[in-house]
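*Asks:* Residue strings, one per chain:
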Amino acid sequence: MIDFTFTEEQEMFRKAAREFAEGEVAPYIPEMEETGNPPAGLVKALGEAEMMAITIPEAYGGLELGYTARLIALEEIARVSVATAMMLQVFALGIEPIIVFGTDKQKEKFLPGLATGERLATAAVTEATGGSDPTGIRTSYRKEGDDYIVNGRKCFITNSHIADTLVILAKSEENPKDFCAFIVEGTMEGFKATHEEHKVGMKGCNTGELAFENLRIPKENLLGEEGKGLRVTMAAIGDVGRGGMVGCALGLQAACLEESIKFANERILYGKPISKLPAVQNKIADMRIDLEAGRLLGYRAAAQHDATGRSSNEFAVAKYYTTEAAQRAAKMAVDIHGGYGCMEEYAVSRYLRDSAVVGPSAGTSDIMKVIIGRWALS
Amino acid sequence: MKIVVCVKAVPDPKEADKIRIDPETKTLIRDNVDLTINPLDKHALEAALQLKKKFGATITALSMGPPVAGAIVKESLALGADHGILLSDRAFGGADAFATAYTLSKAIEKIGQFDLVLCGMASSDGATEWVGPQIATFLQIPVVTMVNELLHDSGERWLVKTAWENGYRKVEVQLPALLTVAREINKPKNLGFSGIIKARKKEITTWSHEELDVSEECVGSRGSPTIVADFGTLETAREVRMLEGSAEEKAEQLVEILAESGAIR
Amino acid sequence: MNDMKAETNKGSIWVVAEIKDCMVKPVSLQLVGKARELADQLQMDVETFLFGDRLGDGPQLLVAAGADTVYTAVSDELEMYQPELYAEMICTLAKEKHPEIILLGSTFIGRELAPIVAARLDTGLTAHCINLVLNSDGTLDQQIPAYGGLISIICPDRRPQMATVAEGVFSTPGADRSRSGAVVSMPLPSDVRWRVKTVEIVEEQRQEQSLESASFIVAGGAGAGTHSGWGKIHELSGILNAALGCTRPVVDEGWAGLETMIGQSGKMVSPQFYIGVGLSGELQHMVGIKGASIMVAINNDPKSPVFEQVDYGIVEDCTSFIPLLIEKIKARVEQKVS
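Those protein sequences? They're chains A, B and C, same order as listed.
Mapping the first sequence onto the numbering used here, position 171 (from 1) lands on 177, and the numbers just tick up by one.
Mapping the second sequence onto the numbering used here, position 48 (from 1) lands on 90, and the numbers just tick up by one.
Mapping the third sequence onto the numbering used here, position 166 (from 1) lands on 169, and the numbers just tick up by one.
Please note that the accuracy of each hint is not assured.
Think about it this way: if two alpha-carbon atoms lie no more than 16 Å apart in a straight line, the pair counts; the simulated EDC-like pairs of lysine to aspartate or glutamate are [as the list claims (entries may be wrong)]:
1. 200(C) with 214(B)
2. 244(B) with 232(A)
3. 205(A) with 40(A)
4. 240(B) with 40(A)
5. 333(C) with 290(B)
6. 331(C) with 298(B)
7. 282(A) with 125(C)
8. 225(A) with 265(A)
Residues on chain B that point at chain A, a partial pick, calculated with CB under 8 Å [stated by the list, open to error]:
9. 120
10. 124
11. 235
12. 236
13. 239
14. 271
These aren't lab readings, by the way, just hints derived from the structure by calculation.
In this text, all values refer to a predicted model and were calculated from it rather than measured experimentally.
Where is the CB? At the ideal position from N, CA and C, for every residue including glycine.
Whenever a hint applies, use it, and build me the whole structure from the sequences.
*Replies:* Next up, the structure:
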């Protein structure tokens with residue numbers, strides 16, 4: 007089982023992703039922090055760099071590279087901008103259900119555009135009444151001839167205002183145990199992106215609310231079996247969503263550690279750099295330990311998914327660990343920076359705000375524990 | 043069109059400060075510094091790729107280096123070169139610019155017919171700027187250095203623009219030729235995922251001095267006309283006074299020093 | 004017709020001189036001066052080359068600087084630098100006369116021509132030397148800065164020994180009009196089809212203060228961080244009425260051109276005041292600076308080697324410190340005025 011090294015090709019993927027992140031993503035950060043919106047140029051650059059194509063099958067214009075390559079890309083992008091990594095990872099939440107549950111017709115219609123970045127995807131499950139518990143949602147559907155009519159509202163949806171291909175979950179009006187997953191196209195009548203959220207962190211990643219008012223969905227857009235929609239969306243959020251958060255968190259951890267080392271080596275107190283002080287060394291050691299552990303958990307889950315197609319429990323462990331670790335790392339990084347840590351010009355202040363958002367995304371830490379506990383006890 | 047691009051594996055220029063010479067053994071200490079493609083060679087490769095797009099061409103990436111340099115030949119393939127050749131042999135070690143150019147020229151002869159050889163005008167770690175012109179001289183083809191624009195690039199007679207003191211120079215050159223390129227010639231595109239995937243099917247051939255049919259006397263340190271005779275430190279006669287205090291205080295002190303010595307006027 | 008000296012056993016040191024607008028370039032005179040020094044020690048002659056369409060009194064200046072012979076070629080074809088013509092003439096004569104040493108300036112011509120000549124003559128070459136001395140056995144010790152120290156390179160077995168040197172490394176020799184030397188004209192090679200031809204050269208007038216003659220220089224390095232950080236350093240040089248210089252990383256980033264670079268393969272300068280901002284004191288840069296009365300360095304790394312080479316050091320991040328310094332200087336200048 008155990009070869010803990012990356013292949014030469016994987017090292018090249020990492021190099022490519024890092025060059026992209028440092029060269030093409032970094033310049034957009036000030037704008038993202040200022041406006042809170044994803045710049046069009048950035049979204050275009052992501053498409054041109056084939057970032058959305060990573061998990062899409064070759065037959066539909068994708069690179070068919072698997073979860074390890076995806077994690078490498080997300081980790082490197084998050085190291086520069088967590089907001090960008092989050093936006094990218096959530097595209098996959100809308101793409102994956104189509105890959106796994108889509109009919110050939112649906113795959114042909116949607117995947118090529120998603121691969122190039124011409125179309126942007128997301129998944130819309132969460133509502134005010136249920137996020138951690140998706141069965142609590144109130145968005146409902148009823149059949150009318152061959153179509154489905156959907157009514158409801160979704161909240162805390164990433165890419166809400168830029169996505170044109172959305173996989174949504176709705177509950178049957180007649181039988182609350184039946185759920186359907188639908189592919190909603192942004193041009194459909196009755197679909198509207200409404201309120202935009204202003205998050206404290208991950209600025210530049212768009213999060214907002216969606217409203218469906220008598221939204222008419224043709225039967226061609228039903229994803230998976232009628233009544234069996236929960237499976238479809240859980241598959242998305244399970245591996246893809248959690249795996250994506252691992253990428254975001256690992257990149258954030260790495261950035262916190264790098265900035266802390268740089269600052270600690272430069273900052274002189276008592277005649278020498280503060281990196282000589284045991285208190286600072288301990289923090290840096292903690293960050294390093296967390297990063298080593300997080301990487302092993304994340305890449306193990308990704309490798310397992312590439313080999314067997316299943317790893318949602320392993321990703322739950324990795325998601326829990328890395329997002330908690332990222333929050334600790336950001337706090338430690340800010341502490342090491344002293345007064346500078348609260349200043350906007352210093353990147354670590356942004357890392358602190360970003361770290362606040364990785365926790366509740368794709369399932370809270372508490373929910374992860376419920377899942378992991380269940381897994382351990384089964 | 044057949045193009046050969048010479049690429050060199052160099053220590054990452056961003057970490058170049060970490061490399062030092064051991065004063066006792068007089069050898070380079072360069073642990074922990076990653077190798078990467080010499081930045082100007084990326085511009086040379088990009089120029090080749092643009093010519094490929096315009097006219098159709100096959101591009102061979104050629105590098106002389108230790109086995110780890112194979113990674114940058116691979117990277118050149120991922121960026122779009124069609125074939126890769128690594129010249130790797132203990133005998134090639136310790137080569138100065140002359141021996142390096144000689145070895146590379148022998149490899150290009152072995153590659154066979156070509157229209158154009160492209161090199162970055164200098165390497166970030168040696169920066170002699172000589173390997174390109176010397177390869178051309180050994181191959182007996184014309185060379186133009188510091189090319190920053192291809193003005194007319196079809197047919198057998200090209201017109202190129204080069205850097206010049208406070209201006210530029212326009213040169214007509216007959217193909218086959220060797221051009222060394224300056225940074226301004228283009229903006230190299232990034233390494234991309236699909237390029238890396240395509241590189242899976244591309245071949246890297248490794249040649250030793252035997253495949254090149256050269257004697258060990260002519261390559262590596264034995265084939266180098268110049269040698270490093272000595273290494274010493276440069277003495278400086280200044281004793282620094284570090285200014286103390288807050289940033290404000292230090293700035294004020296510096297202003298005083300400059301004003302007193304007449305620097306501020 | 005061809006007044007060539009009879010073949011003697013006396014060795015020679017050659018300098019490939021350059022002429023621009025009828026004036027011999029300073030670097031050529033400096034190299035002739037150095038060649039004279041070496042030749043006197045080795046008991047050899049100094050011979051130089053000068054090509055162009057109008058040489059003015061160039062040959063006489065070279066003789067006054069120390070040359071024994073000046074080989075000239077004058078023709079409309081030589082209005083501009085023609086690499087194949089130059090290489091052909093120099094190499095043909097070199098194969099006949101076997102010079103001991105050939106020196107060229109690290110100019111745009113020298114940087115291209117030297118390797119071509121060295122390859123054709125099957126000999127070694129050292130770039131951008133900052134010093135040339137003779138070893139006890141008469142070989143030329145060619146010194147270059149690298150990896151934080153000074154490296155001596157020699158070409159023990161092959162001849163000629165070749166080196167390129169930048170302007171300003173050696174001092175310009177006084178003109179000794181009493182010296183005499185031979186001016187020998189060379190024929191242009193004929194019957195050869197040239198494969199490289201310079202068709203146009205354009206040189207623009209320099210706008211900013213020339214670095215080589217500046218008495219106050221502000222130089223910036225990679226520590227500027229960003230283009231706007233570099234802009235602040237530029238601003239600092241402006242309010243101090245100083246010339247602006249830089250290190251190689253700045254040129255690589257595209258913030259300034261090669262003509263702004265100070266160092267071994269850039270410009271050699273000798274200001275009175277020098278402030279280095281965000282640079283680490285890399286040898287390749289520092290060797291370009293000679294004889295400054297006051298040198299100051301600003302760098303955020305207290306262990307930076309630059310602090311061993313200056314008179315005053317400030318440990319601060321330039322992004323925050325330079326704007327502050329600019330404020331303070333403005334205030335002081337206003338104070339002086341009022």
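*Asks:* Against each hint, give a clear statement of whether it holds in the structure.
*Replies:* Hints versus structure:
{"no.": "1", "hint": "200(C) with 214(B)", "verdict": "5 Å, holds"}
{"no.": "2", "hint": "244(B) with 232(A)", "verdict": "47 Å, violated"}
{"no.": "3", "hint": "205(A) with 40(A)", "verdict": "12 Å, holds"}
{"no.": "4", "hint": "240(B) with 40(A)", "verdict": "39 Å, violated"}
{"no.": "5", "hint": "333(C) with 290(B)", "verdict": "14 Å, holds"}
{"no.": "6", "hint": "331(C) with 298(B)", "verdict": "10 Å, holds"}
{"no.": "7", "hint": "282(A) with 125(C)", "verdict": "54 Å, violated"}
{"no.": "8", "hint": "225(A) with 265(A)", "verdict": "52 Å, violated"}
{"no.": "9", "hint": "120", "verdict": "6 Å, holds"}
{"no.": "10", "hint": "124", "verdict": "17 Å, violated"}
{"no.": "11", "hint": "235", "verdict": "5 Å, holds"}
{"no.": "12", "hint": "236", "verdict": "6 Å, holds"}
{"no.": "13", "hint": "239", "verdict": "6 Å, holds"}
{"no.": "14", "hint": "271", "verdict": "36 Å, violated"}
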